[in-house]
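Visitor: Please build the complete structure, drawing on both the sequences and the hints.
Heads up: the protein sequence lines correspond to chains A and B, in order.
With my numbering, the residue at position 174 of the first sequence is 174, and numbering never jumps.
Here my numbering = 1-based position in the second sequence + 1000.
Just so you know, not all the hints are guaranteed correct.
[To be verified] In the DSS-like style, the derived pairs of lysine-lysine whose C-alpha atoms are separated by at most 25 Å in a straight line are:
hint, chain 1, residue 1, chain 2, residue 2
1, A, 390, A, 159
2, A, 211, A, 345
3, B, 1255, B, 1330
4, A, 164, B, 1148
5, A, 54, A, 285
6, A, 242, A, 310
7, A, 246, A, 345
8, A, 217, A, 54
9, A, 246, A, 285
10, B, 1148, B, 1255
11, B, 1148, A, 390
12, A, 159, B, 1289
13, B, 1148, A, 58
14, A, 164, B, 1289
15, A, 303, A, 211
16, B, 1330, B, 1187
17, A, 164, A, 242
18, A, 303, A, 285
19, A, 164, A, 54
20, A, 54, B, 1323
21, A, 54, B, 1330
22, A, 310, A, 246
23, B, 1323, A, 58
24, A, 242, A, 285
[Claimed, not checked] Using C-beta positions, here's what the derived DEER-type ranges look like:
hint, chain 1, residue 1, chain 2, residue 2, range
25, A, 420, B, 1320, 28 to 36 Å
26, A, 311, B, 1113, 52 to 60 Å
27, B, 1155, A, 126, 36 to 44 Å
28, A, 163, B, 1232, 35 to 43 Å
29, A, 228, B, 1305, 33 to 41 Å
30, A, 3, B, 1155, 41 to 49 Å
31, B, 1241, A, 39, 53 to 61 Å
32, A, 351, B, 1037, 54 to 62 Å
The set of hints was computed from the structure by calculation and includes no laboratory data.
Even glycine gets a Cβ: it sits at the ideal position worked out from N, Cα and C.
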Amino acid sequence: MNLDQTMLARILTMMTLSFHIIFATLGVGMPLVISIAEFLGIRRGDDHYLQMAKRWSKGYTVTVAVGVVTGTCIGLQLSLLWPTFMKLGGDAIALPLFLETFAFFFEAIFLGIYLYSWNRFSNPWIHWALGIPVLVGSSLSAFFIMTVNAFMNAPQGFKLQDGKIVDVQPILAMFNPATPTKAGHMILSAWATTAFVLACLAAYRMLKGNKQEYVKKALRLTMVLSLVFSSGTALYGDLAGKYLAKHQPEKLAAAEWHFDTGTQASLVLGGVLNEQTHEISYGVKIPYLLSFLATGSPTGEVKGLNEVAKDLQPPLFVHYLFDAMAGIGSYMVLVPLLYFLWTRKRGREVPKGLMRLIVWGGPLAMLAIQLGWVFSEVGRQPWILVGYLKTGASATTSAHVGSMVILFGLLYVFLGVAASRVLLRMFRNNPIPADVDQGREPHVA
Amino acid sequence: MSLENVGITVLWMFLYGYVIVASIDFGAGFFSYYSFITGREHLVNGVIERYLSPMWEVTNVFLIFFMVGLIGFYPDTAYYYGTALLVPGSIALVLLALRGSFYAFSHYAKSSALYRFLYGATGLFIPASLATVLTISEGGFIDENNGKVTLALDRLLSNPYSWAVVLVAVTSVLYISASFLAYYAKKARDPAAAETLRRFALATALPTIFASLLVFFTLRTHNPGHFERMLDIYPLFLGSFGCFLVAFALQVTRKSYGWAFVWVMLQFLFALFGYGASHLPYLLEPYIKVHDSITSPQMGLALVIGLIAGLCLLIPSLVLLMKLFLFNTKYASGKLSEEP
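Guide: Here it is as structure tokens:
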């Protein structure tokens, strides 16, 4: 690896994004899950769900803080590290970036109101309704920022004149071919991951011997949500694959080690590639499947990597990332299914083995988010603006990127450790109130 | 009004918003530390805490909004400022990140003396470093040779004008913050805190005016063109000074801290818009003018529509936030337990 300015700028961008995405994922998912819990609590007059919503919001306050500050970092690093890209592309992506800050602003205002007005209103639905703008704002801001990323993958809606972007059609640039699948896949996977992380916490408590009704309800609710959102994510993943086959075939071909264009293409699971001979060992080949997934027909034609010039090919290791992401995705559908098969009969205790699988699901889901993003971003190399601007031509010329990598590295380590410690301490010092389980009169009818 | 003027006016409004809300936040950190070491902590901390809780995230967004809007309307700024400010920008970012997260963490962890010191220190250091961007925009600190943009840090640090700007940033932060918090303490029916904060406001009022004059005089040597343009619109600055006098009189006589703060806000409104208007046509001398905005008319239109739609959403929401927390006596005086 050549540690030039471009590579250092890429490393720093990747560090910031990978750290930010942990908190951004929760930032998109938590408002929805909290809102659902509060809804159930008020609707059923069940104190357990209200307590759940409150506890989760407490933790959310800490994660959202880290999300905001790291989001500020990446927002400015775009200009600090990739000034040439921002100068060229700024014309085309100004609208979604601008709208994203509006959505974020909206979310921030109502988050403040929501978090600090739990007992303010005699009608509980008013407080619940104040959470809706938070939910809308966070999803919208994810949507807008995804349109920017989609634009970098499938630029359209402008003309290039003397190296300047002119005649921009903002709506066309925003709703480019990559937008629907990217935004849908990301938002759903954020919901699924959040649900799984919360399920992981509940399952962990049960493994530790906590059998309170509260914990059981929390596990059941988060399992339902995990199943629904994970299935949705998988569905969207399939659409995203079809999009790639049509618009960015080189990314799909690199992900699947598909070198020669052909019909009846087979899908490779796992395996190790010899980069010289393009021979795959240990992999499982499933005939027709790639054609089917990419085009909807088992004999559809899939473009191979050999049709792309060598210096424009994405690196081949993205296959491992893709397989690992898809593998975890399947895990996230299967584990909740197992859970529901098991708990079909009322009162049956969930076995410890299954509980452990749920606990593992939390970190694995976060890992899948990371893998998916690295796959998506590395898969479009060497382009920063596919077909228009190469990554190497847009990095900053400043000589100090290396020390900034260290500076921000230290910041993220500190933030990660501090946030984890605060969260752990917060939940240890505030056990689930026992009175929740003693059939206290629900204060809402 | 042409697109570029709409753009810069709106951005300036958001910068003004940031100056006010961020000053309150930054100054609060400093006062909180100062009263901690002088043993008056119990007097002011409750008031500060209750104001900051629902507000800190909103404060951050004003800044992001300004930056993103600037790059959106004037993509060239990303290129010049982005390249030149990698190091100072990154350091300011790290400080902002530490401060923002500290605030959320401290709610749930015991705050140590070191933490309080850092929180107070960043409250002065961040505005100082952010104000440096305004200094740089006057020109003379960014060089472009063979397509390579660099920041002349040595020239920046040895320039009297840049130190005058730092001074005015720090004093204004303290002054705005104390003026607001005095009002908020009064609102919270906490006369002791209000009296302490009123003294802070009076103590920082004159240094703020002194520093502003210093900026005037040093700018005269550093950028005579800008100084001339400032003289052309001198009534704005006189107006600013007049507002200061009214606010000062109200605070000295303990008439009304609420009105005093309104006059302080007007004082900075006049000063900031006067400064901004006389800065034009340059966004960065001599590289970027306000006319170098985005070139596509459709994008310009879309931005303005997006802006109007966004403001229609934002302004009522901000009003609601203020009604529920800032202007709610019960909340301000801590009678509503709001923690989840």
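Visitor: If a hint holds in the structure, say so; if it does not, say that too.
Guide: Verification of the supplied hints:
The suggested pairing of residue 390 of chain A with residue 159 of chain A holds, with an alpha-carbon distance near 17 Å, which does not exceed 25 Å. For the hint linking residue 211 of chain A to residue 345 of chain A, the alpha-carbon distance of about 18 Å falls within 25 Å, and the restraint holds. For the hint linking residue 1255 of chain B to residue 1330 of chain B, the alpha-carbon distance of about 22 Å falls within 25 Å, and the restraint holds. As the CA atoms of residue 164 of chain A and residue 1148 of chain B are separated by approximately 19 Å, the hinted pair is consistent with the 25 Å bound.
Using a Cα cut-off of 25 Å, the hinted pair residue 54 of chain A and residue 285 of chain A is violated, with the two alpha carbons roughly 49 Å apart. With a CA separation close to 24 Å, the supplied pair residue 242 of chain A and residue 310 of chain A stays within the 25 Å bound. Using a Cα cut-off of 25 Å, the hinted pair residue 246 of chain A and residue 345 of chain A is violated, with the two alpha carbons roughly 46 Å apart. Simply put, residue 217 of chain A and residue 54 of chain A have alpha-carbon atoms about 15 Å apart, close enough for the 25 Å limit, and the pair holds.
With a CA separation close to 22 Å, the supplied pair residue 246 of chain A and residue 285 of chain A stays within the 25 Å bound. Proximity of residue 1148 of chain B to residue 1255 of chain B is assessed by CA-CA distance (about 57 Å); at most 25 Å being required, the pair is judged violated. Taking the CA atoms of residue 1148 of chain B and residue 390 of chain A, the gap is about 19 Å. The hint holds against a cut of 25 Å. A C-alpha spacing of about 24 Å is found between residue 159 of chain A and residue 1289 of chain B, which places the hinted pair at or below 25 Å, so the restraint holds.
Among the hinted pairs, residue 1148 of chain B with residue 58 of chain A is inconsistent with the structure: their alpha-carbon atoms are about 48 Å apart, more than 25 Å. For the suggested pair residue 164 of chain A and residue 1289 of chain B, the alpha carbons sit about 18 Å apart, so the restraint of at most 25 Å is met. The suggested pairing of residue 303 of chain A with residue 211 of chain A is violated, with an alpha-carbon distance near 54 Å, which exceeds 25 Å. In summary, the hint linking residue 1330 of chain B to residue 1187 of chain B is supported, as the alpha carbons are separated by about 9 Å, within the 25 Å threshold.
The straight-line distance between the Cα atoms of residue 164 of chain A and residue 242 of chain A is roughly 32 Å, outside the 25 Å bound, and the hint therefore fails. This hinted pair checks out: residue 303 of chain A and residue 285 of chain A have alpha carbons roughly 18 Å apart, not beyond 25 Å. Simply put, residue 164 of chain A and residue 54 of chain A have alpha-carbon atoms about 51 Å apart, too far for the 25 Å limit, and the pair is violated. A C-alpha spacing of about 23 Å is found between residue 54 of chain A and residue 1323 of chain B, which places the hinted pair at or below 25 Å, so the restraint holds.
Straight-line distance between C-alpha atoms of residue 54 of chain A and residue 1330 of chain B comes to about 22 Å, which keeps the hinted pair within the 25 Å bound. Between residue 310 of chain A and residue 246 of chain A the alpha-carbon distance is near 20 Å, which keeps this suggested pair within the 25 Å criterion. Note on residue 1323 of chain B and residue 58 of chain A: the hinted pairing holds, with a Cα-Cα distance of about 23 Å set against a maximum of 25 Å. Restraint check for residue 242 of chain A and residue 285 of chain A: satisfied, since their Cα atoms lie roughly 19 Å apart, inside the 25 Å limit.
Checked against the hint of 28 to 36 Å, the pair residue 420 of chain A and residue 1320 of chain B passes, with Cβ atoms roughly 34 Å apart. Checked against the given bound of 52 to 60 Å, the beta carbons of residue 311 of chain A and residue 1113 of chain B, roughly 57 Å apart, stay inside it. At about 57 Å, the beta-carbon gap between residue 1155 of chain B and residue 126 of chain A misses the expected band of 36 to 44 Å. Remark: the range hint 35 to 43 Å for residue 163 of chain A to residue 1232 of chain B is upheld by a beta-carbon distance near 38 Å.
The hinted range of 33 to 41 Å is satisfied by residue 228 of chain A and residue 1305 of chain B, whose Cβ atoms lie roughly 36 Å apart. For the pair residue 3 of chain A and residue 1155 of chain B, the supplied restraint of 41 to 49 Å is violated, since their beta-carbon distance comes to about 30 Å. Between residue 1241 of chain B and residue 39 of chain A the CB atoms are about 55 Å apart, so this pair conforms to the stated range of 53 to 61 Å. Hint check: residue 351 of chain A to residue 1037 of chain B, Cβ distance near 58 Å, so the stated range 54 to 62 Å holds.
Hints 5, 7, 10, 13, 15, 17, 19, 27, 30 from the earlier list are contradicted by this structure; the remaining hints agree with it.
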